[in-house]
Structure formats: structure tokens, C-alpha cells
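*Asks:* For reference, the chains in residue letters:
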Amino acid sequence: DAKTTQPNSMESNEEEPVHLPCNHSTISGTDYIHWYRQLPSQGPEYVIHGLTSNVNNRMASLAIAEDRKSSTLILHRATLRDAAVYYCILRGPNTGNQFYFGTGTSLTVIP
Amino acid sequence: NAGVTQTPKFRVLKTGQSMTLLCAQDMNHEYMYWYRQDPGMGLRLIHYSVGEGTTAKGEVPDGYNVSRLKKQNFLLGLESAAPSQTSVYFCASSYPDIGGEKAFFGQGTRLTVV
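So the sequences go chain by chain: G and A. In terms of my numbering, the first sequence is residues 1 to 111. In terms of my numbering, the second sequence is residues 1 to 114.
Hint data in this document are derived by calculation from the structure and do not stem from the laboratory. Remember, predicted model here, so these are calculated numbers, not experimental data. Keep in mind that a hint or two might mislead.
With a cut-off of at most 35 Å between alpha-carbon atoms, the simulated DSBU-like pairs for lysine-lysine come out as follows [as the list claims (entries may be wrong)]: (1) K102/A x K69/G; (2) K9/A x K3/G; (3) K102/A x K9/A.
Make the full structure from the sequences, and use the hints.
*Replies:* What follows is the structure in C-alpha cells.
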């Protein structure tokens, strides 16, 4: 299984940008990088995904390194509702096209 | 649009009892998944299905069985529950497009085995 490495926890002040890193040195050329988040007592929800180019949507931005061995999820202005566990996941032929979760990064937003 | 619905939301079982968890999706997704999440841990894949009538083992399949008789439903069975199966169970579904399709998750079933 393709593996990802994330810090266990991070803190951010409210209304400031947050950069959540992810290392995936064993990524293959056809693996997509997905980000999901899990709010307390809820199921995971999709945040963003990309293959090679940086991606933006209404929730966040995804910055992918040129060698694709790392990526960063960017929340432009953290709110208290963004406090969650964020998972970086690879999906593609190298993972049997399945979603394998690691332990993720627990984000605390400080008012 | 209900998305992914799990039944029941909570359940307490005695050791050795059996039960079935139901997952239903209304998005016509080919792929469906069952995960378990233990306290402080990430989700671990139990079984998955890539289409009606097909199932496959994930990371932690022992002690569980699954069936996908209808495209919209994916059942997870525990034949003889053990305390080690106390966990929160999540179902998910997605389209099969390689890599680029996102998954939708249910709200979870909290199972306690005593």
C-alpha cells in the first residue's frame, strides 16, 4: 500500500492560514493525492484532490511538489469549524484504487 | 439526496451474538467500502466491493463477512461478535474512475461488544 506521513497534530489561530503537510515518497505516477477531513463524531468528508497541478476549490487549496513526493493542504482562513482530523490519502493502481487512511493530522483552531 | 445511509447508528451486542450492518447509497456508485475506526486511530479498510455480486478483502477482514446482492446496498456481518470488534464502523461509496473520483461516507455505526 502506498503510504503517507503526516504530523500527528497542529495548531492554528483563528482567521489565519494553515498549511498541513503530507509526505508520500513512494507515490506512483498514476496515484491521485486526496485529502479528507473528519469532524468530531462524524464520517470523513472530501476536501480536495489532485494529480500533478495545484488545485483550488471553495474549501481549500492543494499544493503539490514538482516531484510529487509531498503535498500541502492550505486552509486560507482557519475557522473554529475547521477543527478536525485531516487525512492525506493516495488512490490509484498502486493502492488497488482503494482509499487507505493513515492516522492523519489533528488540527486545533485557537480562538 | 440522502447519500450514504448506515443502519443502525448504535448497537450493543453480547459476545458471541451476530448482527448485520446495512449500508445504502443512492448515487449509483459502483464501489462500496466498509471501514472500522478505533479510538484515536485512522480508518482501516475491512472489505470492499467493486460492483454488484463482488467483494474483496481489505486490511482487516478477519471476523467479518460482506455481501453486495444489490448495487445500492452493502452489508457487513459479524457472525460471532468479540469485544475486539468494539469500534465505529463507516461505510463509503464512490465511482470507479481510477484515482480521480471522491468517496462519500456515512455517519457511522457505533458498536459495543460486551
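*Asks:* All hints, please: hold or fail.
*Replies:* Right, here's what the structure says about each hint:
Of the supplied pair hints, the one linking K102/A and K69/G holds, its CA atoms being roughly 21 Å apart against a limit of 35 Å. Only pairs whose Cα atoms come within 35 Å are accepted, and K9/A paired with K3/G is accepted, the gap being roughly 31 Å. The suggested pairing of K102/A with K9/A holds, with an alpha-carbon distance near 24 Å, which does not exceed 35 Å.
The earlier numbered hints are all upheld by this structure, with none contradicted.
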